[in-house]
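Given chain A, work out where chain B should sit, using these hints.
Top line first, the protein sequences correspond to chains A and B. Here the first sequence is numbered in the UniProt record's numbering, starting from 1 and rising by one per residue. Here the second sequence is numbered in the UniProt record's numbering, starting from 1 and rising by one per residue.
One should not assume that every hint holds.
Identical copies look the same in the list; a pair holds intra-copy or inter-copy alike.
[To be verified] Under the rule of at most 30 Å between Cα atoms (straight-line distance), these lysine-lysine pairs were calculated in the DSSO-like manner:
| id | residue 1 | residue 2 |
| --- | --- | --- |
| 1 | Lys187 | Lys118 |
| 2 | Lys335 | Lys118 |
| 3 | Lys356 | Lys111 |
| 4 | Lys319 | Lys343 |
| 5 | Lys111 | Lys301 |
| 6 | Lys247 | Lys343 |
| 7 | Lys108 | Lys247 |
Everything labelled a hint here was simulated from the structure, so no lab data went into it.
Number of protein chains: 2
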Amino acid sequence: MSNTISSNARRHVLKGTVAAMAMAGLASWTKLGFAADAKPLPGYADWKIPGDIIVHSNNTLETKRSAYGTSVITPNDQLFVRNNLPPPDAEILKDRDAWVVEIDGVAKPAKLTLAELKTMGLETTAMVLQCSGNGRGFFPHKPSGTPWKVGAAGCVVWSGVPVRALVQAHGGVKAGAKYMTGTGGEKLPDGLDPLSVIVERSVSADAMEDALLAWEMNGEPISLAHGGPLRLIVPGFTGVNNIKYIKRLAFTEQETKAKIMSHGYRITPIGGTSGPDLPSVQQMSIKSWINAPLPEDGAIKAGRVQIHGVAFGGTHAVKGVEVSTDGGKTWTAAKFVGPDLGKYAWRQFVLEADLKPGEYQLASRATDTSGESQPEARVENKSGYNNNSWLDHSIKVSVA
Amino acid sequence: MSNTISSNARRHVLKGTVAAMAMAGLASWTKLGFAADAKPLPGYADWKIPGDIIVHSNNTLETKRSAYGTSVITPNDQLFVRNNLPPPDAEILKDRDAWVVEIDGVAKPAKLTLAELKTMGLETTAMVLQCSGNGRGFFPHKPSGTPWKVGAAGCVVWSGVPVRALVQAHGGVKAGAKYMTGTGGEKLPDGLDPLSVIVERSVSADAMEDALLAWEMNGEPISLAHGGPLRLIVPGFTGVNNIKYIKRLAFTEQETKAKIMSHGYRITPIGGTSGPDLPSVQQMSIKSWINAPLPEDGAIKAGRVQIHGVAFGGTHAVKGVEVSTDGGKTWTAAKFVGPDLGKYAWRQFVLEADLKPGEYQLASRATDTSGESQPEARVENKSGYNNNSWLDHSIKVSVA
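Extracted from the complex, chain A is given alone in its bound form (with noise of 0.2 Å):
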């Protein structure tokens, strides 16, 4: 393990700021960026920057907010990862093309090999990851979960097969079809009900149109932390939607009964109990943040500054971003910058403002094509799900 750190500190060093100072001898777990009390990356991410990366668990590492660049996709090397159960064996990756799913709930139901599947389509598509707890560190009520703050994000592209084209090919979706049901090939605890831990998430139907069945994220085969070989990516949903390790895609009358759909992932009341009958976290919402200037970049020079982030609107696209520097009581209009890549993807924004010394507190509120805009406050909820408050996602600075 510890030559696994060091391997991934070298990486870092060569590429990052501090290759002088470890050339010279000096480095640091802490000038690193990586606190002599961090949790080290667990294995099946241990080629994730240390730096860049928050480790709350061995199934959750957070992307630090200062990691975040201004290339609209984010490195694999930096992106967040979350796991419902461990990864499977690595031993899945030995052989990509080998990996089988089923598709079922179709007018022909299949079994298909990877390798088949590459035959049968090919779309890309740059998409938010986000998952569904992300911003949960900012409700007061400290739900339990991983407490996210911005992290739990990342905008990257997939490439793999239309879910679309494969249904096509297989005679359609069944009559009375009213779900595309995902199964993870995690394996599963032994002893225990399979439903109560197995990874299996319904959405609706029409979400097959823009779905993939992807084995490609950021131009490599997908890695096991990010569901290799094969992951069902369903864009504008939150992260639990995308399937990782994906061994059956099936078109279904009812929502699966597995506890993660019916208990999981739902809107409860605080101090209420999650069950079927409350709204599954499925479509993301608008949502937005900056990403610099932050506190902990010290007190920032007086005079011009380039306040800059990311905003996205979960199946509709951002429509503008507004920026306040006083808390919310003034806005202005912040412009777009660089590449499009589609309405699942973020859009970066910026705003060039003038700063004379003082406290300034950071805020930014994005707006999608259906008219929707961030909300002030939080939508509270137990599980802490869905939070695109904008004075939640605010941050307060220092001009000197």
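Just chain B now, kept in the frame of chain A:
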């Protein structure tokens, strides 16, 4: 060095297809795509994926054609490297924000730190970075220089300050300036005339409109291998015009007298002598190639095949791509897939074809928005620059 290789190998193993082999102790250099006699990656680029790279020399690393994915962006750890001089000491990355660049040939010349540049504007541009000699390996007269085939190119997202914003902030370009001249910060060998070795190039001053001084590449601070902490980005122009470690940007009445400009990168007749009167290698030409299927994949299974590749037009967007399976006798329009990242990026194309057993010659031919199409024949020249022949880039595959 061996430790360096093993850390990369480990990283590749965990992300790649051979994970299980490695876990079972079966990994070998050849299985990692790293032939026993292959040269190791040089230290400044030892974080690249060894199995995805052909090491021609310490200064010339090529992406394998089989390594290109279908996610539009070329990841940093797969991207080619071509240095005209060895990179500067890594010390220059110790304090990136302290890097100084001189701006000259404007009304108010200045020296600016990278920290100051970051306050002056922000733009993000996706661009094909391609070595002038990419495709040299197809010239039958075997020009001196690296025999690149397709792998001295990648599509990269850059972030930095627009040069036009800098120019505006410094009173505009001086009257009479026709060129934008960038100077690299490489350490020059002692005892030689600096002009004979310095990396200094001039492009038309108009190119400043979309040029950047960039500090970020694909979401991460620019590595030493790729010109960090600061690189001049001139979208649509070949790699050599995108000056690494830039220390001076000047608007000049004349082209630089540096040898790399006056004699290097000139389209010279075979057997002739290079010189400033010959055409300089600047804007890229319309070009495309197929990345799959490839001969090295072995015999392809008869039936539906997804023939895919990339196409780009230099300073013009790609309008369309045709694909031939019979060596150019007949052509079929391919379709674009994936996001359009702007006119300087490449587009992915795909043609779905039903192939019966037999031998095929796969070719692609792109057309740009100015009406230019790839020619069948390369333009012969001494140093093997600007090869965009569709025939040279065609491949022969077997279907069984």
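A quick look at each hint next to the structure:
1. Lys187 <-> Lys118: within (25 Å within a copy, 48 Å between copies)
2. Lys335 <-> Lys118: between (39 Å within a copy, 16 Å between copies)
3. Lys356 <-> Lys111: between (64 Å within a copy, 24 Å between copies)
4. Lys319 <-> Lys343: Both: 10 Å inside a copy, 22 Å across copies.
5. Lys111 <-> Lys301: between (61 Å within a copy, 18 Å between copies)
6. Lys247 <-> Lys343: For Lys247 and Lys343, only the intra-copy Cα distance (28 Å) is at most 30 Å; the inter-copy one is 39 Å.
7. Lys108 <-> Lys247: within (17 Å within a copy, 64 Å between copies)
Every hint, counting from the list given before, is met by this structure.
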